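Asker: This is what each chain is made of:
Protein chains: 2
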Amino acid sequence: MTDALTLVPQALTAEAFAPFGDVIEAASDSPEQINYGNTKKWADLALVDTADGDGHTAISMFEGLATRMPLRVEALERHPLGTQAFIPLHGEPFLLLVARAGDAPKHDEVHAFITNGQQGVNYHKGTWHHYLMAPVDGARFLIIDRAGPGGNCDFCTLDHALVIEPFVK
Amino acid sequence: MTDALTLVPQALTAEAFAPFGDVIEAASDSPEQINYGNTKKWADLALVDTADGDGHTAISMFEGLATRMPLRVEALERHPLGTQAFIPLHGEPFLLLVARAGDAPKHDEVHAFITNGQQGVNYHKGTWHHYLMAPVDGARFLIIDRAGPGGNCDFCTLDHALVIEPFVK
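Residue numbers (my numbering), protein chains in the order written: chain A, 760 to 928; chain B, 760 to 928.
You may find that some hints are simply not true.
One copy or any two copies: either way a pair holds, since identical chains are not told apart in the list.
No farther apart than 35 Å at their CA atoms in a straight line, the calculated lysine-lysine pairs in the DSBU-like style are these [claimed, not checked]:
no.	residue 1	residue 2
1	Lys884	Lys865
2	Lys884	Lys800
3	Lys799	Lys884
4	Lys865	Lys799
5	Lys800	Lys865
Hints listed in this document are in silico derivations from the structure and should not be mistaken for laboratory results. None of these values were measured; they are calculated from a predicted model.
Make the full structure from the sequences, and use the hints.
Answerer: In structure tokens:
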């Protein structure tokens, strides 16, 4: 592992994540009031873009095995035809690794984020990312992405491996 | 309340709910294995249909006040231009009242369901339904529905009021 470089996750915020996608959270202090005052609504929190190549929006469920730490990362993936949202159903912080859409990223263009347990994310079309990293065995996520014909998953290998050390949740 | 008729909720199943929409749940015993065996995937669990009238798919967050029981119901609503999905982020069973899309329903065409705490639902376009009934104060739901121009909420009044008694979760 002599070539592996340590990457330290930062707390996920909408501002820091903006180049890569949307943060899905009830962040605003002034949600709409609907249903005769019985419901607060935080509206339209993410751009869902799934129509390319006869695609449609799919709602799926993922269940993960806990990611082993420290995590060694040598490759990322992207979905060129559609956005992809992950919303945690488990309340645990989870780890994200992302790089901007475009050419395959260099190792120093990869960013690591840790969520606060309530936040979901929506990757822009083409955002490079690590596949789902579950915080605990059996953690479930709701996924909103594109289904349809055509190849919608590319992979890239990093020029240097990255290592994410265990972190305090 | 002499005219109110009691309606007893039944346990939510995909089969019983099929006339009204999809049940979003990890029901199959044979999910796909993805991400090198680290993730189980239950794919494409609901039909999302939001494009009518220049609409787009919106991901929103709702937070409810607990519904007071017994519940008296005199009206329902529908969204003629798009589907609407509710996925619980709280793990508590919640109540649903629905009637088939089409003309305003009679009171004996209204069905009540109770979820198992892990299930979400996706209403077909035009399915009549009661607005969100939260099981506890502060219960959050993820909503996937249509945003865009045009009137997308109709209301109807029932010919007889219905009453839902408190039920054992």
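Asker: Of the hints stated earlier, which fail here?
Answerer: none
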